[in-house]
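Let's have the full structure, built from the sequences with the hints guiding it.
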Amino acid sequence: MLKSLRKHPTGSDMTTAHSITDLPQLRQVIAGDRQGDSHRRGETVATRVWIEEFRALEGLYSAPENCSPKLRYPDLISGCVSLVFDGLDPVNRVFTFLHTKLVLRDQETARRQEAIWRPQYLLLLALQKSEQNRHPHPQFKLDHFTTACVALALEEPRAAQKVFEFARRNIAQRAAASLL
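Residue numbers (the numbering used here): 1 to 180.
Derived by calculation from the structure, the hints in this document are not laboratory data.
Computed from a predicted model, the values in this text were never measured in an experiment.
Fair warning: there could be bad hints in the mix.
What the hints assert, rightly or not - With a straight-line Cα cutoff of 27 Å, these simulated DSS-like cross-link-like pairs (lysine-lysine) come out:
(1) Lys141 <-> Lys162
(2) Lys141 <-> Lys129
(3) Lys162 <-> Lys70
(4) Lys70 <-> Lys129
(5) Lys101 <-> Lys141
(6) Lys129 <-> Lys101
Claimed, not checked - Now the in silico label distances, taken between C-beta atoms and shown as ranges:
(7) Pro138 <-> Pro69: 35 to 45 Å
(8) Asp106 <-> Leu180: 21 to 31 Å
(9) Tyr61 <-> Thr109: 32 to 42 Å
(10) Leu104 <-> Pro69: 35 to 45 Å
(11) Arg105 <-> Ala172: 28 to 38 Å
(12) Gly59 <-> Lys129: 25 to 35 Å
Where a beta carbon is used, it is the ideal one built from N, C-alpha and C, also for glycine.
And the structure:
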């Protein structure tokens with residue numbers, strides 16, 4: 001867990017640690033996914049990815065390492081989300097990216113319509129419904145969260161290898177869940 005500095009209501013600094021299960025919605029998503037809830041509805045959900053991050057995904061899609069089986073965009077995007085959520089302090093990492101980098105970009109930037117696998121969509125939905133995305137904070141949308149995860153995943157050392165690994169793990173988890 002990473003520690004983050006927050007202001008206590010008294011004005012003094014206090015250090016708090018955050019994990020993936022700090023948000024009640026994330027705990028429900030994780031518990032629900034283990035029970036196969038993600039397979040009762042559609043398998044994928046439409047999302048959008050900002051064009052800069054989509055171009056980076058195109059590089060992964062076309063990479064010689066992406067073979068046998070060839071991972072498609074929903075796999076790659078979901079692999080990015082899983083990679084970010086597997087790391088330290090994913091909630092704060094995503095919101096820090098949104099508040100410090102994505103918010104400074106042109107908000108009219110083109111986006112590419114894509115799909116994401118339902119289990120990873122539910123993780124992003126929990127962020128979208130979290131306190132950190134409510135008044136007085138700015139309101140970010142699904143495409144912001146998706147783009148943040150792609151950008152953060154691609155900043156990792158050995159990013160392509162890790163995204164492919166998480167995408168394949170997601171495939172295996174979906175297959176195992178469908179057998180239940």
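Structure-based check of all given hints:
1. Lys141 <-> Lys162: 26 Å, holds
2. Lys141 <-> Lys129: Between Lys141 and Lys129 the Cα gap is close to 10 Å, so the pair holds against 27 Å.
3. Lys162 <-> Lys70: 15 Å, holds
4. Lys70 <-> Lys129: 33 Å, violated
5. Lys101 <-> Lys141: It holds: about 15 Å lies between the C-alpha atoms, which stays within 27 Å.
6. Lys129 <-> Lys101: Holds, at about 21 Å.
7. Pro138 <-> Pro69: 35 to 45 Å: 39 Å, holds
8. Asp106 <-> Leu180: 21 to 31 Å: At 45 Å between Cβs, range violated.
9. Tyr61 <-> Thr109: 32 to 42 Å: 20 Å, violated
10. Leu104 <-> Pro69: 35 to 45 Å: Holds, since Leu104 and Pro69 (Cβ atoms, about 38 Å apart) stay within the stated range.
11. Arg105 <-> Ala172: 28 to 38 Å: Holds: the Cβ-Cβ distance is about 35 Å, inside 28 to 38 Å.
12. Gly59 <-> Lys129: 25 to 35 Å: Because 32 Å falls inside the window, the suggested range holds.
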